[in-house]
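J.: One letter stands for each residue in the lines below.
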Amino acid sequence: MSKIECNLNINGKNKTVNIHEDKPLIFVIRDELGLTGTKLGCGLGQCGSCAVLIDGEKKNSCNVLAKDYQNCKITTIEGLKTDKGLNKVQQAFKQYNAAQCGYCTSGIIISLSSVFLKKNDPTKKEILSCLEGQLCRCGSHASVMKAIDKLKAS
Amino acid sequence: MPLWISCIGYESYRQIKSELIFKMNSFYSGPSIKLYGKLRNWFNFDKNNVLQVYSGKIDIGQHISSTLALISSKITGINYDQVEIIKLDTDISPNEGKTASSLSVPDSGSAIKAASLSLRKAFIKYSIKTLNVNFEDIVFDNGIIKDIKSNRSISYWDFAKTNEFNDLSIPEKFDEKEIREFNYKNDQKIEIKTINDIVTGNYEYVHDMVFPKMLHARIIRPPNYFSKFVEFTNNINHKLDELGINLLIKNSFLAILSTDEYLVVKYLDIIKQNIVWEEVKKLSEDTVYNSLKNNNKESLLVKSGGEAFYENIPSLKEFKDKNYTTLTSEYKKGYLMHGPIGPSAACAIFTDKKFTIYSHSQALYDLKLSCSEYFKIDPNNITLKFRPGSGCYGHNGADDVAFEAAVLSEKFPDIHILLKWTREDEHCWEPYGSASLNKLTGVINDEGKIVYWSNEAFSDTYMTRPSNTELHNFISYNFIINNFTKHKSTPKTKAHMGIHRNLDPLYDFGENRLVKNLVHDLPLRTSALRTLGAFSNVIALECFLNELAKTKNINPFEIRINHLRDERAINVIKNLKDHMIIDIQIDGSYRGIGFSRYKNSAAYCAVGVELKVYDDLEIKLINAWISVDAGEVAYEDGIKAQVEGGFIQAASWSLYEEVKFDTKEIISKDWDTYKIIEFDNIPNIKTSVIDQKGFPYLGVGEVVAGPTGAAISNAIADALGQTVKTMPFTKEIITKELLEN
Ligand code: FES
Ligand code: FES
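Line order of the protein sequences matches chains A and B. Here numbering that gives the first Met the number 0 is used: the first residue of the first sequence is 0, the next is one more, and so on. Here numbering that gives the first Met the number 0 is used: the first residue of the second sequence is 0, the next is one more, and so on.
Think of the hints as simulated: they come from the structure by calculation, not from any bench. There's no promise every hint is true.
[What the hints assert, rightly or not] Every beta carbon over 12 Å from chain B, so not counted as near; a handful from chain A, in silico:
{"no.": "1", "residue": "Glu4"}
{"no.": "2", "residue": "Asn13"}
{"no.": "3", "residue": "Gly55"}
{"no.": "4", "residue": "Lys58"}
{"no.": "5", "residue": "Asn70"}
{"no.": "6", "residue": "Cys71"}
{"no.": "7", "residue": "Lys72"}
[To be verified] No farther apart than 20 Å at their CA atoms in a straight line, the calculated lysine to aspartate or glutamate pairs in the DMTMM-like style are these:
{"no.": "8", "chain 1": "A", "residue 1": "Lys87", "chain 2": "B", "residue 2": "Glu190"}
{"no.": "9", "chain 1": "A", "residue 1": "Lys145", "chain 2": "B", "residue 2": "Glu677"}
{"no.": "10", "chain 1": "B", "residue 1": "Lys271", "chain 2": "B", "residue 2": "Asp424"}
From the three backbone atoms N, C-alpha and C, an ideal C-beta is built for every residue, glycine too.
Bound-form chain A, shown alone (with noise of 0.2 Å):
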């Protein structure tokens, strides 16, 4: 198994690493580049808590390889932030405090920038859908419903 360069845009910076080629995005991310915002949940693809963005669309960075993604832009939870402070769903969670552990909370503000960055009032269904395979086992959803209405009122 050999190694390669990669070279990856994250959050706004190019970024060379020199790794195996087979490496899941995820510990790219999380070991070469020391941006642990994204979990590492189940590693299969199947409980959202490693999302990122890339080009804007919500992609579960456990099951894909960082090779793969060299021409694009991928954003982590940290990048989220502007120069104007917080992004308007981090604002929303932030004034619902829409966590308990808060582990799964960066995959799914992840997938709800991936909707609301796109449009101010997407529909129920266009929530509902980005939010599928987001999975949380504190029950933290009631809190993170609050927050969805708030960003759809405002």
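The hints should help you fit chain B with the ligands onto chain A, whose structure is shown.
T.: Below, chain B with the ligands without anything else, positioned relative to chain A:
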């Protein structure tokens, strides 16, 4: 029980006791202050303008640090933002036992409230004396007392340097006068302590820790609990050496370690395909419900008050009179898993003959003693430090992984070891909430009064937390010593322990016959899962109560209120009714309710559910109402978050969850094979918190689960015209039950 209590009966005693507490309105500092009675045990003022508070409880998703900071802030007058709760560290924090059983606010909250009251009182007294002024001449602002005439001031931080602070003891009781001025508003909005870091990805979980040269590790697990390591089929050592991957083998305990986490994950899979295990024993021989009925068991009689006794079990009574209606029923529930979204993890280092272990276990002090016993090392040479993990709902893999990390760190000294369980580890190796079966018989007379009630609970233990005398409760300990005998549990007898939690009804049912059956030789590993036996006992109770009510056409609210004497319980049920009535029922939907007082001594909770059952038997939750009385409210939004989260988790248990297994292994290995609730089935939840100012804090982490399962089950019964008695309420199970009837 004192003689006078047995003379008047426990029920009356309970009523008198609560009235006395109400009238005296005293505040008791609680058990932690008995052990840690000095102010300095709870507060540190070394950081400028920051009040650091010690607590023996940990944040496991219940926002305890925010609640504790709020309690302290409200009383000391120091801004909430300037109050910091120190993460539990066994070298410096008070030992308040486990963070479990809904006791975090009752224990630590009461202790910190008492410490804060003492601190404030002593500080004011000291300031007045030192400034030589009258009380009327001072202003108190954010921890600083100022003499308005001279402008001189003293702060808590000055006071903390004095001998008065150092020597001050906290009383075990405060009277009404002392606490009256702190009858603050309870609906204060705060930002929870962890939220900013969580939404920005900066909240550090134990999984995220990094140290120089740190080794990532995974355990190489066999197919089941009874598998002995034999050999590798291929010589993989050479390849592992080449890649700098370490392999540790201690009898049947095997682990893989490397500085590159991905190599560990990748070669874990490769090794698993090249390994031979000997199956010492089969995982199971029969279905769990057959085993619950047929296996050896120990049966104890549970009496009013909730304690279990080794006494003869009376036979079921028969009521032949035609004015009495007798019903019998059987309720079943499979194994449930904790299933945190992030698998358990721990980080450990062994250096200079000392261990430091970072863990998200609920029982860090017990872990310290267990490790001391295993490694034969002085407990003073072991430090446990809390670092957050994924949500915790009881005894999950956290203790196991911490122990395993410590074992690995001893073999690789001077290097931090970060051990994570895999998704499959967490799904297959955690101790589950036990499967259970409840057999009920009830007799109701023509006036609608229940005169006889029998509830027999059959289940496995909920109490296998590891300890220094029970190292075998660490799953890997058995593989380390190659001993695969199953340890027999002994029944716990204290009030509302494990299987018989909430078996004793709060209702007045004339005569009760309550039996706890600890069934042996059941297939899967079990221990404490949120509510222990209360989930199944409350569901059985609350559904059977509806079945009895139906025979006499009595409304579900009425049957409950008619059989309760506890005013707070009645109040909670009426509160639920009022809230449900306001909302117009949606066409084609059905409603159900459930009620419980957790352990008959903690919070009260009533739950209402509105749902639809579609033609294909899919169940959609539409609305939920929760009414809760948790004593004095310390942090209302915190209570709401806890009960709403608990509702959702219990709804998931009720509708979807059951651990599947066969004779060889556990089949529920991931989220595809163990489904949980998702965003598409979350109802609109309305929670009403009843504030009981002056009453003790009552924890709310668990109270909602039983009533939730019952409310869902009762709503489904309303929809189908019959109660479905086996959980979870999946299409397959409902179909089976409908066909059987
Ligand atoms: S960790 Fe990627 S989907 Fe679960
Ligand atoms: S908040 Fe804990 S898993 Fe979602």
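J.: Work down the list of hints and note, for each, if the structure agrees.
T.: Here is what the structure says about each hint:
Non-interface status of Glu4/A relative to chain B is upheld: no Cβ of that chain comes within 12 Å, the nearest being about 17 Å off. At the 12 Å boundary, the C-beta of Asn13/A stays outside the reach of chain B, the nearest C-beta of that chain being 20 Å off. Residue-level check passed: Gly55/A sits 18 Å from the nearest beta carbon of chain B, beyond 12 Å. Look at Lys58/A: its CB is around 16 Å from the nearest CB on chain B, clear of 12 Å, so calling it non-interface holds up.
For Asn70/A, the non-interface assignment is confirmed: its Cβ lies about 22 Å from the closest Cβ of chain B, beyond the 12 Å cut-off. With a minimum CB-CB distance of about 19 Å to chain B, Cys71/A clears the 12 Å threshold, and the non-interface call stands. In this structure Lys72/A is separated from chain B by more than 12 Å, as the shortest Cβ-Cβ distance comes to about 17 Å. Under the criterion of a C-alpha separation no larger than 20 Å, the hint pairing Lys87/A with Glu190/B is consistent with the structure, at around 16 Å.
The straight-line distance between the Cα atoms of Lys145/A and Glu677/B is roughly 16 Å, inside the 20 Å bound, and the hint therefore holds. At roughly 13 Å between alpha-carbon atoms, Lys271/B and Asp424/B fall within 20 Å of each other, so this suggested pair holds.
Violated hints for the displayed structure: none, as all numbered hints are satisfied.
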